[in-house]
Structure formats: structure tokens, C-alpha cells
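Enquirer: What follows is each chain in one-letter form.
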Amino acid sequence: MMNKRFVSLWFRHLTTDRLTLRQPELKDVPVVFVAPVRNRVVVTGANFLAEAQGITVGMAAADAKAIVPDLKVMDDVPGMEAKLLKALGEWCIRYSPHIAVDLPDGLLLDITGCAHLWGGEPGYLKEIVTRLRSKGYDVRGAIADTVGAAWAIARFGRTKPIIEPGGQANALLSLPPASLRLEPLILERLQKLGFYKISSFIGLNRSALRRRFGDGFLMRLNQALGNEDEPLQLLQPIEPYSERLPCLEPIRTATGIEIAIQTLLEKLCKRLAGEGKGVRIAILKGYRVDGQIIETSIGTNRATHQAGHLFKLFELKISSLEPALGIELFTLDAPKVEDVEVEQEVLWSPESCDLSNNSLAELLDRLANKVGAGNIRRYLPQEHYWPERSIKPAISLKEKPATAWRTGRARPSMLLNRPERIEVTALIPDYPPMLFIYRNKVHQVKKADGPERIEREWWLDEGEHRDYYQVEDENGRRYWLFRSGHYSGDQSKQWFIHGFFA
Amino acid sequence: MPEAKKDIIHQLQKDILLWQGFTPPSAAMAKGIGLGPIESAFPNGVFPTGAIHEMVCPTPEQAAATGGLVAGLLGVLMQQGGACLWISTSRRLFPPSLVAFNVAPDRVIFIDVQREKDVLWAMEEALKCEGLAAVIAEVRDISFAQSRRLQLAVESSRVTGFLLRNDPRKAGATTCVARWQVTPLPSNLDDELPGVGHPRWQVDLLRVRNGNPGSWKLEWTDSGFMPIEEKEKEQQISLGERRKAG
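Listed in order, the protein sequences are those of chains A and B.
Be aware that the first sequence starts at 27, since it is given in our numbering, and climbs by one per residue.
Be aware that the second sequence starts at 5, since it is given in our numbering, and climbs by one per residue.
Don't read these hints as lab results, they were simulated from the structure.
Mixed in with the good hints, there may be bad ones.
The calculated lysine-lysine pairs, modelled on DSSO-like cross-linking and capped at a C-alpha distance of 30 Å, are [said to hold, decoys possible]:
{"#": "1", "chain 1": "A", "residue 1": "K53", "chain 2": "A", "residue 2": "K109"}
{"#": "2", "chain 1": "A", "residue 1": "K152", "chain 2": "A", "residue 2": "K303"}
{"#": "3", "chain 1": "A", "residue 1": "K303", "chain 2": "B", "residue 2": "K132"}
{"#": "4", "chain 1": "A", "residue 1": "K362", "chain 2": "B", "residue 2": "K132"}
{"#": "5", "chain 1": "A", "residue 1": "K396", "chain 2": "B", "residue 2": "K18"}
{"#": "6", "chain 1": "A", "residue 1": "K424", "chain 2": "B", "residue 2": "K18"}
{"#": "7", "chain 1": "A", "residue 1": "K293", "chain 2": "A", "residue 2": "K343"}
{"#": "8", "chain 1": "A", "residue 1": "K311", "chain 2": "A", "residue 2": "K296"}
{"#": "9", "chain 1": "A", "residue 1": "K418", "chain 2": "B", "residue 2": "K132"}
{"#": "10", "chain 1": "A", "residue 1": "K343", "chain 2": "B", "residue 2": "K18"}
{"#": "11", "chain 1": "A", "residue 1": "K293", "chain 2": "A", "residue 2": "K218"}
{"#": "12", "chain 1": "A", "residue 1": "K296", "chain 2": "A", "residue 2": "K223"}
{"#": "13", "chain 1": "B", "residue 1": "K132", "chain 2": "A", "residue 2": "K426"}
{"#": "14", "chain 1": "A", "residue 1": "K152", "chain 2": "A", "residue 2": "K109"}
{"#": "15", "chain 1": "A", "residue 1": "K53", "chain 2": "A", "residue 2": "K30"}
{"#": "16", "chain 1": "B", "residue 1": "K221", "chain 2": "A", "residue 2": "K338"}
{"#": "17", "chain 1": "A", "residue 1": "K418", "chain 2": "B", "residue 2": "K221"}
{"#": "18", "chain 1": "A", "residue 1": "K161", "chain 2": "A", "residue 2": "K311"}
{"#": "19", "chain 1": "A", "residue 1": "K293", "chain 2": "A", "residue 2": "K424"}
{"#": "20", "chain 1": "B", "residue 1": "K18", "chain 2": "A", "residue 2": "K293"}
{"#": "21", "chain 1": "A", "residue 1": "K30", "chain 2": "A", "residue 2": "K396"}
{"#": "22", "chain 1": "A", "residue 1": "K362", "chain 2": "A", "residue 2": "K467"}
{"#": "23", "chain 1": "A", "residue 1": "K418", "chain 2": "A", "residue 2": "K467"}
{"#": "24", "chain 1": "A", "residue 1": "K343", "chain 2": "B", "residue 2": "K221"}
{"#": "25", "chain 1": "A", "residue 1": "K109", "chain 2": "A", "residue 2": "K424"}
{"#": "26", "chain 1": "A", "residue 1": "K338", "chain 2": "B", "residue 2": "K121"}
{"#": "27", "chain 1": "A", "residue 1": "K152", "chain 2": "A", "residue 2": "K112"}
{"#": "28", "chain 1": "B", "residue 1": "K18", "chain 2": "B", "residue 2": "K121"}
{"#": "29", "chain 1": "A", "residue 1": "K152", "chain 2": "A", "residue 2": "K218"}
{"#": "30", "chain 1": "B", "residue 1": "K221", "chain 2": "A", "residue 2": "K467"}
{"#": "31", "chain 1": "A", "residue 1": "K472", "chain 2": "B", "residue 2": "K221"}
{"#": "32", "chain 1": "A", "residue 1": "K303", "chain 2": "A", "residue 2": "K338"}
{"#": "33", "chain 1": "A", "residue 1": "K396", "chain 2": "B", "residue 2": "K10"}
{"#": "34", "chain 1": "A", "residue 1": "K296", "chain 2": "B", "residue 2": "K221"}
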């Protein structure tokens, strides 16, 4: 197994740096953020100038104001750190896919196997830190074998930021106990007992330590030393099927994007083909130079790992991607994959093109990506007499009708989405009308079939039944009319036209 | 000598048809599509599959009748298997009605698009897909260039396309192989029975490329299309025979 390596990033003035970025005029003013904690207003963040004059986080706001009379006091926005760190973490995905937010002021990166892409750990760390500093964030970073050690060195290290593999125990010796991420109560106790450095208690008997300081203390110590695993709460849960393509130069052209998509698809499809799986949904993301993330997604009707076909689907979307100043990194995720049915390749014969045909599925994918999958429908019979409910959309191309199509009664070729009201003259109950007026045109009924009574399905909805008539007018045009409810003297609101027969 | 000349001219006509993309009837289609005398209007006397047919249907009644005729043709076209695509912006076709025309409605895929130009895009894409039985699209208008694109698509895939046009005022020149108009006719039941009979239509071929336009009367019965004149003649003959026998 590969030796794990972690980067811990510490944003020393996270909230105030953010404020200075937003309001550059506050750059030369001591600023603190304050928030009420248990009836006391406490400093939650201070910028470099404020700290230089003796203000520390946790101090009462009133005290801080007394120390620095021209202090600028801002109200803390709850959840601000988490939001900022999440955004910074997403930006850092270009350096490693495994990022975790380390509240309240840090980020953790699992960089196992990543650093060599930037020419080794010193260059890698330098790149991250200088890029973040150039953005205006006062950041310190450290690399070590464990999260705990990297965290400690980033915050308390004095000499070198990179701890060579296996060297974390030595590096921790000279650091204070606070570097072990302990609770304040335990820290206080350690202070009382005179343990000012880790070296002073690291050699003690473990059972004695547990008795005095509890399990949590030992866990933190072991995590820092690498004796106990520490799972990271990743910012982005890893997609099982995901490919990355960092670009040396930002990509700005459609051709460049095409090549990137093709490269990613080939990699992904190779893996999928090996595992006998296919893509149902794929998401392409482009990380732009200006920090924005653009994304587009495709869906397929049947799982496929044909890179060519998937590329055709993405091809339709390329025009919607805005590269702006350029895209530095492409990622391709397949959040939904399914097993592909292994098919015997057959020689092409036109007679065999049925619903199960691959070229049909590929055609439907192309159409679905342009017009939307919801606009492609296939209907199956449903056991309802009510015309509007006699069909239901099929879920997939493979679904077969559960019941046979009804053939007994004539159904119109064209059905109006909503029956339209007509004026009729009907003299005898349960006889078809003599004439009807539809769209200001009078139709004399010459021939008619009916009535066919269709009862309302009372367990589904309420209302009157319908008596359907198939009628033919003097010109041979055939209509489907119905009377809603029973015959009554006043027929003005009872009759509707619902369809046209062939 | 005139006989020989006639032969030569006949042969030349056949050659020209071949060059224009009309292949002589294949074994599969030898028995025709069931349209009877209408088929003789087409070059070689065969209903052209692998081509675009244009159907003019300005009123909903005509659209329903056209739908019936197309469904009847689909029943034959889909006999060898294969699916069918129906593309439109405002679809009113009621799938269960297709059963009466020997089409399994679950083998028809409906594509509902928002814009008129997407209909033509979708149709072109679909026509490129070999082995579909047919593609039907409801459009308002189509230009010559657009119909040319569709024609090029079917030339390589041999899929049959139907364009249902609901605005005949703009019917300009197209590359379609034929322009149809179907109008409903009063149905007829034998022996003066009450009720509505089998659907009957007046089928007009307004324009046929390399063929002869004309007008026919057609009825859809349980055994397929039935030309009406023939049927009436048959009835007369049988009546006459009965009289003779009587």
C-alpha cells in the first residue's frame, strides 16, 4: 500500500482576509469580527494589524476596543467560515481530488500520489501556498504522513513545512500540546501539570495517560503519530467512475474541448468496458481560470460504453460551454452506471431493427439530449376504459405491454387533449344528436353509432359518466362526440367533441 | 420498326428511372403495399419506399383521415419488424387507434418537440437511422432546401418518411416523391344497416415524381385497403351472377 501524504492548510486570518478582498480600503485598518457568546461579545477573527497590537481571538470585544481605540468592529456572519472554506476547497480540487474542510480555519488535502505532477512536494506546496497568497489569503501549509502531524506543523511548526515520511514523531516533539487538536479542558490540565511540550509526555505509559486524560487524548496522539487511522470527511464524495484531465495551457477553443472530452471518454469507457458497465448519466465539468465551474451533462436511454456514441451526445452540448479565459481542468463523472447487456455482434440486417436495436437507442439518445428525454414517449395499454387513462407512457425501451391492446371498440385516430364543448340538437334521449355546431360550423349527422357508455372510475376521480357516439356528417367526416351525464332537457352544457375518426 | 422504337423508349425510360434512384421492385415488396390501383401511379408501378411522401391535411378531419391512411401503410411497412418514429409539435394522434390498422402502438415512439425547426432536425436525424420502418413528422411548412436534406438522408438509409403538412397555402416545390391529399368520404354499410361503416377516403395524388397523378376512392376494411370501384363492380358481378343463377 502506498504511503499516505497529507497537506494541511491553515488560513490564519480567513474571515478578515475575505473582508479585505471585498473592501480593499480596510487593508490598513485593524479589523475584528465579533459575535455574542454566552452574554459576552467575543472576538472571533482579527486581521494582522489587530493581532499585532495584542488582540487575540477569544478576547472580549470591549477589551479589544480598549486596547486599540480605532478598531473597526464587524459583526460575524454565522457559517461564513464553512462557506469560505468550502469554496476554497473546491478551488483546491485542481491539486487533489480528496479535499476535506477542517473547521474553523483550515483545509486538509489527501495528496497521496499527486505531488510528483508538480515536480515533488516542495514545488507542490509552494505552488498551493503562493497561489492562495496571491489571491490575498494569509495561508500556511505543511505536508506530513498523517493529518494530525500536518495540522500541527502548519500551525506550530517553526523550521520546515515538509516532514519526510516516517518523521512525524520527531517533528512533533518540540511542539506544544495544543498542536494535537485537544479539547480546552485537557489542554488546561496539561498546562497545570507542566507538560508544555509533546516531548514531555510522549514517552509516558499509555495506560497512565488514558487514566488522566481520557480516550480522546490518546486518539489524537495516535492519529498524529500515525498509529491510528483518521478518515477525512471529503468535500466531494469520490465518484466511483470519474476521470480528470488537467491541462498545461488553459483550453479556450471548441476543438480543444472536443479533444479533452474524447480523451476523458476513452479513459472512462476503457474502464467501463473492462467492468462490463455502461454510462446512463455523465457529467462533464470544466474548472475555469477565473474560478468558475462550468458543467454539462448527458443521459442515455441504455447503458453504453461506446466512446464514439457518448462523444456525439457531448458534441451537441459543446456550444453551451463557455470557456471564457480558459479551462484548466476537465473532470468527467459518471454518477449513474449500469451493467451493459453483452450482445453477440450480428451482421447488419434491416429486418432486425426493433426496439432493442442499438442504433435506435443511440438515435433516441441524440434526440433526447436535444429535445429532452421527457419529450420522447412510447405508450403501453393500461386497463382503463376511460380514454385519457387507457394508455400510459412506457418507462424504458425494453418494457413490454402488460395487457393486450383493446380492439373491440373503435377509437378515433385523433384525440383532443381536452374535450371541446359543442352545441347540439338532440331530440330523443340516448339517441345521437341530429346536428351539432363545432367551431361555428353546422354538421348534419347522417350516420351514427352508439351510445357507448364509459363510466367514470369513481375510485380515481369524480364526475359524470360519458355516453360516446361515433357520428358521420353529410360530407363523410367522422367525429367522436359524447354527452356528459344523463339526458336532460337543457343540453347546452352537456355535449363535447373528443376526437376525429379516420 | 415502330414496335422496336417503342421497346427502345421503354428501355430508356426504365434506365432513367434507375438513374433517378427508383429501383425496380425487390422480391420483398413484390406483392405491393396493398394500395391496389394507386400503386400504378408510381414509377415502375411500385409504392416508393425509402422516399419522402408529403401529405396535405389542412383540417383536423383530413388529418385524421391522413392518419388512417398512413397507419394502414405503416401496418405493411412494420411487418418485417422495426420501429416507427412520430415527430410533432402538437400531437393529437391517439395511439390505441393504430391497433385497427394492424400497427402495434407500443412500437411507435412519439417525439414531441417545442419548435418547428426541431421537427425537421429530428426527422433528418431519424431518417439517417437505417432500419427504422418509417418516420412521420407533422410540419407546417418546409422549404425546398430542407426537403432536399431529408431526401439525401433517406437515399442512404432507405427509410420511408411521411411529412404531414397542415398549411397547404405555402405548398411550394419540394423533392418529395409524391404529394397526397386524403379527404374523408361518407361510409357505406351493406343492406342499409344503421351506423357508421368502414372508413372511406378520397385519395388524391396531386403530384408524383415520374408518375401519373390521379384520384381514387379507398376504403379500409379488416383485410386492408380496398379500392371502392372494384368492390362495387364485384358486387354488381356477384349480383348479376346471382340473378343469372336465380
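Enquirer: Are any of the numbered hints broken by this structure? If so, which, sorted upward?
Expert: When the structure is compared with the hints, numbers 2, 5, 6, 10, 11, 12, 15, 16, 17, 20, 21, 22, 23, 24, 25, 28, 29, 33 and 34 turn out to be violated.
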